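Chains as they are written, first to last, in this note's numbering: chain Y, 1 to 664; chain R, 1 to 664.
Source of the hints: derived by calculation from the structure; they are not laboratory data.
Remember, predicted model here, so these are calculated numbers, not experimental data.
In this text, a Cβ means the ideal position worked out from N, Cα and C, and glycines have one as well.
One should not assume that every hint holds.
[As the list claims (entries may be wrong)] In silico lysine-lysine, DSSO-like type, Cα no more than 27 Å apart, as pairs:
no., chain 1, residue 1, chain 2, residue 2
1, R, Lys359, Y, Lys100
2, Y, Lys359, R, Lys100
3, R, Lys511, Y, Lys100
4, Y, Lys96, R, Lys100
5, R, Lys53, R, Lys179
6, R, Lys262, Y, Lys359
7, R, Lys321, Y, Lys100
8, R, Lys511, R, Lys346
9, Y, Lys645, R, Lys346
10, Y, Lys53, Y, Lys391
11, R, Lys321, R, Lys511
12, Y, Lys641, R, Lys100
13, R, Lys511, Y, Lys262
14, R, Lys179, Y, Lys96
15, Y, Lys394, R, Lys330
16, R, Lys330, R, Lys262
[Said to hold, decoys possible] According to the in silico footprint, chain Y covers these stretches of chain R (three or more CB under 8 Å from chain Y):
no., segment
17, 408-418
18, 454-460
19, 485-491
So the chains spell out like this:
Protein chains: 2
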Amino acid sequence: MSSTPSFQDHTRLLANAIRVLAMDGVQAANSGHPGLPLGMADVATVLFSKFLKFDAADPQWPDRDRFILSGGHGSMLLYSLLYLNGYPKIVLDDLKGFRKLTSHCAGHPEYGMLPGIETTTGPLGQGLANAVGFAMGERIMAARYGDELVNHKTYVFCGDGDLMEGISHEAITLAGHLKLNKLIVLYDDNHITIDGATSLSDSTDPIARFEAAGWATRRADGHNADDVAAALEWAQNSDKPVMIACRTKIGFGSPKKEGTSKAHGEPLGPDEVLATKKNLGWPSLEPFFVPDEILKEWRSIGTRGKDAHKEWATRFNASAKKAEFEAALKADLPQATIDALNAVKKKASEEKPAVATRKASEMALEAINGSWNLTIGGSADLTPSNNTKTKDLKDITPDDFSGRYIHWGIREHAMAAGLNGLALHGGIVPYAGTFLVFSDYCRHSVRLSALMGIRVLYVFTHDSIGVGEDGPTHQPVEHVASLRAIPGLRVYRPADVVETAEAWASALADKNHPSVFVLSRQNMATFRTEHTEENLTAKGGYVAADAPNAKVTLMATGSEVEVAFKARDLLAAEGIAARVVSMPCWELFEQQSATYRESVLGPGTVKVAIEAGLRFGWDRYIGRDGEFVGMSGFGASGPAKEVYKHFAITAEHAAEAAKSALKQ
Amino acid sequence: MSSTPSFQDHTRLLANAIRVLAMDGVQAANSGHPGLPLGMADVATVLFSKFLKFDAADPQWPDRDRFILSGGHGSMLLYSLLYLNGYPKIVLDDLKGFRKLTSHCAGHPEYGMLPGIETTTGPLGQGLANAVGFAMGERIMAARYGDELVNHKTYVFCGDGDLMEGISHEAITLAGHLKLNKLIVLYDDNHITIDGATSLSDSTDPIARFEAAGWATRRADGHNADDVAAALEWAQNSDKPVMIACRTKIGFGSPKKEGTSKAHGEPLGPDEVLATKKNLGWPSLEPFFVPDEILKEWRSIGTRGKDAHKEWATRFNASAKKAEFEAALKADLPQATIDALNAVKKKASEEKPAVATRKASEMALEAINGSWNLTIGGSADLTPSNNTKTKDLKDITPDDFSGRYIHWGIREHAMAAGLNGLALHGGIVPYAGTFLVFSDYCRHSVRLSALMGIRVLYVFTHDSIGVGEDGPTHQPVEHVASLRAIPGLRVYRPADVVETAEAWASALADKNHPSVFVLSRQNMATFRTEHTEENLTAKGGYVAADAPNAKVTLMATGSEVEVAFKARDLLAAEGIAARVVSMPCWELFEQQSATYRESVLGPGTVKVAIEAGLRFGWDRYIGRDGEFVGMSGFGASGPAKEVYKHFAITAEHAAEAAKSALKQ
């Protein structure tokens, strides 16, 4: 008898290929998470075989649906799918080498390691919040290039961990507010966390929760292919974002571990792997075995989108917007923007405005946003304080994505993760602001920007005790140090309008690193009064004022460069020659030649660093004999100038410190 | 005509005293947030005059209701209430000096600055999450000492900002799960954020949201005293936590700014202050003027709880548990625990176990938890990985708070803020765990532990590339540096069972600082094989192995102390004498005398630091000529030992580095 198998049976057969590869991969690594791949294999199979718009041969197709595995620990699900569908680069040996240094299959999916990994996931909740950024990116691009070029969905697999994390609240409520109806979340509702049943720690009604945030919701049996397909079919034309709660069994198929937390984060064990394969009726117990006909069918699923892709290419090639669209995806900093920022520098060097660097950043942004329409700005409800909204930026609203400004709400974490999603989506250069002290709230997403090496721009204002009256809760003292500690992140703390424009130019030109702008609330003088087109800030540190026979090098960043200049004058009045060095970006300074660095640091001079933050990290530049003028603990509430005096971050104290260092 | 005024009119009159002080305080400071105090004054007046159990004369009364102003920017509301009710210490000049260095009234309420400030608030969402900890603390203490000694409520004022933050989701769902029915949230539902109307960025239904999390909810007109009182009356006997959405007008009373974002975060302006006073019918336009009879009535409200307080004191003095209760509030580390930890040290020095420090921490915790019942443990769903649950810790459940272990769920941020609440509540010494890499998720609450100077203990395991296969998303490299950057925090990275026990002893003995334990996933040898009762770890750094005529000092922490010992042996084989220094806690090392520090660092030796993290911060100890063996970027996915080799964190490389430094 060779009757056609039911959709359910056929899906199960295809899904079991995922299960086999996943449990074998985890077993071979003797490390990893079989529970999620086994539990969500059926849902994934329905999605890939019936709904997801993709062409495995071209994972960069701009109008592909995005698939985000927010529970990145279930990475073998994704790797199995990439392999089975025939994505480029991945080979069976990668799966066999899962979690080894030699493999492309890292413990968690890492952006850039394999085509088809849309974003790095693992830290819970991040993928879900990235996905909101992806979905926003789609709407923004669609508003620009039309549905005929941009019309895709963003599918997310997420679990209880993702949904318990606070970031999920920020992401979900923002998506609901913006009516991101092409965002479809498939919730792996398996009732299990690492500590045991979810009921140990949670009693939330997920359906009611998403409904409260403006989502369309539905439940499905995650092991019933028809039910999942019906739910996904229903989701296609929603006018709201969609959450489908898929009731699944973690570790599906494992006789001993299915439905228990034992299935989550450790190999099933050799015996249980065999027992599971038998239980699933798999034709062979050989590791990584997938029958030819099943692999062939999966490979044909991988080509499902070929026609749609071709049709899209035809439309794209005929489009008047093709060149613009391609340029947007490339997103090279245009010469017009470089010129506009140079004009800002020139004007500032002539007019010497005394403004806060947050205002200077706004001046730079006027030039940038006016000359390059790929930038999308925003703020976590601090628009008037972050100075992130320039005159030609219209708000993005639920009904109109033709604007260029996002009111992220008081959602720093989802904002940063959303910026990652926007940048990863392509065609967009995203920036957004909050207070520097609240960089803590989004720190992990900043880390992921750095780990992925993507161009995301963070505008962190109110950068020191210069915040003044708001007091220690709002005065960052350790944040510049802690951001400098993140590998790959560029931390700019510019000192006037010229440096701020240079910082923006440098950051925008760097596609492979995220940047942070650390900006003052309070005004400061312009010291770069001689215009040069050379971007000195891009060197990271440079001599701002040299002095013949200098005995002292005064190093500073941001608002304290002005203090350094005043200290220099005080020392000069006493006959002590001092140089001033501005160090706006340590990371870039470290990339200069040793000769250049040494010349900037001033061999034979004593070093005094001045920064309204902690000493932590400065020892690298000032050495054991140098002095540091800055903070040694938390700040205090008072008018900024008084607080500066209170903590002795003054020219007088810096001059004294220099003299004290000279005496040693 | 002298008819008795209605409750509404009378409440309004009392509330206007708050409004006047608040707007005058902000105006005098020329900085601050009048909108919240003006908007919530009526609700606050109903709460304080009718419901809140307190005795202003004794703000430390253990059974007082807690009042938490989560929107700390509205601090003038709290300061006005403290002044009007007659709390100790605060005088009118403090209000007049609001936000000045000379005043006790800082920009945001700071714990320790004034009696009656239960917690430091300002960073949004923190107060709400603290309150969940307070409410848990109440239930835990009630389970121990009975309702007759512990039976109080926790009231929270929070706003849209608090509720948009992700931490609010974690806090609310946890409170709902635990059925914290004495937690009552009064939501300042004013429809305004800094950027404008809340509708700019949010469309969440707050009532449905809280209901989904298992709360009882109700709406009230925040300017109708009877309505607010009815809601609060209804809330008294809830079996769930309660959220009352109080519809208010931000900046209530201000003719020009009421109901607009202009009222939120800047002074009303002198003219508008006068106009508001006139509009409110206030008897005088003089700044800070409160008619005697109104002040008198407020002061009598401040004594409302005197009788209840007295009755409580009677019960307390008669209680057999009085001494135990008092000791719990004092919470001095008992000698029995010190002895038990010394026994752990002794046993380890004899048996020399090769275990991970997370396991060593569990061994210490067995000793601690078995000898001191004030400790309450927990984990953010990583119990089996963090090793935080010892054998005598029973789970705390919604129906039984007699346990000592909290399953926080996947809620790192609310966990840390909740620990702050538990510690602030009193009678509890809280600790909890997550992976070190996810310290980012709760970083701001850790900062607040440090800012408040409270004893909260963070168990952060899986502390380096030693995590292995999980890869860079789960391998902290910058986290130790970034935690060391937080002022006042003690960061311990112990190197064996002995150091781990010492770290716990040191941290528990310090009531004024939070501590972090940075603990390995992987095993390491015991090197402290000679037992001493002296706590060497409490010195921060010490000579682990001296060598006559040493040319090299090898410094390390945690798992790399073992690497340092092996490098010492390699160097010795080549005739190069090297010392080994263990540096488990930099902050404590910095507190030692200069002589001691210098003797440990080894004058005249070249320095090599070894730590499986970034160099950031180490320059302080190794100087410009020293060498660092560690990470210079993100990690990689592979078995831990291979990853260590891949990044050359090996004894061989350390020995080479030492020789290279010697050649310079």
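Practice problem: Kindly indicate which numbered hints from before are broken by the structure, ordering the numbers from low to high. | Solution: 3, 4, 7, 9, 10, 13, 14, 15, 16, 18
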